[in-house]
Amino acid sequence: MTQPAVLALVDHHDGVVRAPAFELLTLARSLGPVEAVWLGSGLADALDLLAEHGVSTVHQVDLEADVTVATSARALAEIMVESGATTVLLSSTFENKEVAALTAHETGAGLSVDAAGLERSGEGRLVVHQQAFAATWTLQVEITTPRAVVAVKPNAVPAEAEPTGQAPQVVVHALVSPPAARTRVVERTVRPSSGRPELGEAQVVVAGGRGTEGDFSAVEELAEVLGGAVGATRVATDEGWIGHETQIGQTGVTISPRLYVGAGVSGAVHHRGGMQSSGTIVAVNADPEAPIFEIADFGVVGDLFSVLPQAAAELRRLKAEQA
Amino acid sequence: MKIVVCVKHVPDLQGDRGFTPEGRVDRSQGDGTLNELDENAVEAAVTLAETHGGEVTVLTMGPQDAEDAVRRGLQMGAEHAVHVVDDALAGSDAFATATVLAAAVRRIAADGPVDLVVTGMAALDGLMSVVPTLLAAELDLPQATLAAELTLTGADARTVRVRRDLDHVVEVLEADLPALVSVTDQANQPRYPNFKAIMAARKKVVSTWSLADLGVDPTAVGQTAARTTVVEASPRPAREDRVLITDEGDAGLRLAAYLVENRLV
Ligand SMILES: Cc1cc2nc3c(=O)[nH]c(=O)nc-3n(C[C@H](O)[C@H](O)[C@H](O)COP(=O)(O)OP(=O)(O)OC[C@H]3O[C@@H](n4cnc5c(N)ncnc54)[C@H](O)[C@@H]3O)c2cc1C
Ligand SMILES: Nc1ncnc2c1ncn2[C@@H]1O[C@H](COP(=O)(O)O)[C@@H](O)[C@H]1O
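From first to last, the protein sequence lines stand for chains U and P.
Under the working numbering, the first sequence is numbered contiguously, ending at residue 325.
Under the working numbering, the second sequence is numbered contiguously, ending at residue 299.
If we strip away everything but chain U, and leave its shape as in the complex, we get (with noise of 0.2 angstroms):
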């Protein structure tokens, strides 16, 4: 029997594809066969790259910038009834989340997001592997509807190539019936990159919090050895000290990294919420009873301003030896 196609949604910024959108790809093809969806411009330049991918369909939908949820949904539904696809795959961020329940809402499907895996059971029905409750559950979710719509964590599998060997195939849609458009976007403003990965995409992350007490010197030399994003909790955002979108945790972004490095972090729940999930945990803090000790695998006990520097001279010292 052939297994009907699996939609994943790839995210771009300007026609540059987000690193996530790899590891759907390499997890929608595990499901079945694979046919990407680009929602907006730029798609010419990213075609080779979603070949190399084992992309050999696009749907594609030209869409203004300003592009709302309800658009996309609109979109994703319409794919989805039209060519047949029972699942559709997205990389689970807060506007992404929003996309998957109205695509779901639309189209009858079951909803997941944050899944942190996804496979398929003997009766060919989708299993989501979940965390609950801060990352100390684990839980397994079937869907039992026929359609699934599913957000992904970033990094819930690492992503692979597989080369189809040819440019895909580009079918291009028009919205039938495009949502009213109730909500009016009167200002946009896109933040500058930072050079460094991004946060909820990073493979290592550096945090710093309020005991950093507005110098985030050390993390960010350790962040920029490592190759990582650099972090912080509510306490060091709502300071002032480094912009919101840094902010990890309940209400800010949800990571889970191969390795998180927080440094004058205690640890507070709603912090945890949001990266206890990371692979490795190292934390480095001054109170031995700090509440973060709870769930590192590696802890040190000690001023962030000397053991990060060591740390990071340290690493590089090893990298220059190497070369």
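The reader is advised that the hints may include incorrect statements.
[To be verified] Computed footprint of chain U on chain P, listed as stretches where at least three residues anywhere in the stretch have a Cβ under 8 angstroms from a Cβ of chain U: (1) 41-55; (2) 103-112; (3) 137-150; (4) 206-212; (5) 216-230; (6) 235-242; (7) 247-257.
[To be verified] Residues of chain P clear of chain U, computed beta-carbon distances all greater than 10 angstroms: (8) Lys36; (9) Asp121; (10) Gly125; (11) His202.
Rather than coming from a laboratory, the hints here were simulated on the basis of the structure.
The beta-carbon is built from N, C-alpha and C at its ideal position, and this holds for glycine as well.
Here the structure of chain U is known, so what remains is to put chain P with the ligands in place on it, guided by the hints.
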């Protein structure tokens, strides 16, 4: 102006949270509270009503003890409270929740139109962040979610204006009322009810509505209608081989060695 705020009763974050063998959130610990993030929603609604005139109704759907959540909303300054409670609701998913909340909002609107629906950004039990958008779809309202700042503008304050910080973009959105907004913890500092407010809230009535009161088909909600089932729920095993060292001048070197050894660089 008439504002409805949706609030949820959730297990206390600081408590021992878990699941029952059926895969439902364990509510037997009895340490439920108003979802912290919904305090921001109530605060936003009450402030708007204070500034522009109007009344706030807090609305919850949930088991018996969920009444505590709307009681807290009354203490914070809401005038009316509605608690939708029905045995058939157990195991409802986000779609059913949105269906029921929408039916309740429509009933609240029966004696005068609802201008604004306010929700929290996420319920801290599931962190789905999808009920607001589903509720907007059910009610056919324009949505402006994840407000870090929320104001009413225009000549007669009939336009809601929202600033939101997404991961790579900062946006200002506007929608004409009636509309739905969700607010983040950045939007305000929830007030702490004083003794007087607590006493005043005691006199306020909580209306309890069943599915029959709302004309919602019981088979359209609850576990039977849910599009997902939890097949397994287990506590995550504790992390093994954990190391805790105290800096004696070489902790940075030891940290570097640990990262290299574990192939993390
Ligand atoms: C509704 C709500 C939502 C929230 N959402 C979030 C969220 O999403 N993310 C989030 O992070 N927080 C969130 N919070 C806040 C959270 O509860 C904590 O207040 C916050 O995480 C604490 O930040 P911190 O660890 O930087 O500060 P503190 O808790 O003050 O910890 C600072 C730590 O630094 C250590 N320290 C001090 N100096 C040094 C030094 N020189 N070297 C090493 N260590 C040092 C101290 O021992 C201490 O443990 C939320 C709160 C609420 C109410
Ligand atoms: N059972 C419920 N009763 C009332 N409001 C709810 C309920 N569930 C969710 N909400 C609202 O929807 C928001 C987001 O919830 P969720 O989508 O579950 O993360 C919450 O902050 C509440 O404002």
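Within 8 angstroms of chain U (C-beta), three or more residues of the segment 216-230 of chain P: Since three or more residues must qualify, the claim that chain U covers the segment 216-230 of chain P holds, with 3 doing so at under 8 angstroms.
Assertion that chain U covers the segment 41-55 of chain P - criterion: three or more residues, beta-carbon distance below 8 angstroms: Contact hint for the segment 41-55 of chain P vs chain U: holds, 5 residues under 8 angstroms.
If you look at each residue in the segment 247-257 of chain P, do at least three have a Cβ nearer than 8 angstroms to any Cβ of chain U? violated (count 0)
According to a criterion of three or more residues whose C-beta lies within less than 8 angstroms of a C-beta of chain U, is the segment 206-212 of chain P covered? Result for this restraint: holds, n = 5.
Status of the stated non-contact between Asp121 (chain P) and chain U (beta carbon gap over 10 angstroms): 21 angstroms, holds
So is the segment 235-242 of chain P in contact with chain U by the C-beta rule, three or more residues under 8 angstroms, or is the coverage claim wrong? Violated - the segment 235-242 of chain P has 0 residues with a Cβ nearer than 8 angstroms to chain U, which falls short of three.
Within the assertion that chain U covers the segment 137-150 of chain P, do at least three residues meet a Cβ-to-Cβ distance smaller than 8 angstroms? violated (count 0)
Just want to verify: Lys36 (chain P) was marked as not at the interface with chain U; is every Cβ pair farther apart than 10 angstroms? 19 angstroms, holds
Are all beta-carbon distances from Gly125 (chain P) to chain U longer than 10 angstroms? Its Cβ never comes within 10 angstroms of chain U, the nearest being 12 angstroms, so this holds.
Verdict on chain U covering the segment 103-112 of chain P, where coverage means 3 or more residues with a C-beta closer than 8 angstroms: With 0 residues close enough to chain U, the hint is violated.
Looking at His202 (chain P) again, its CB stays over 10 angstroms from all of chain U? 5 angstroms, violated
In this structure, the hints that do not hold are numbers 2, 3, 6, 7 and 11, in rising order.
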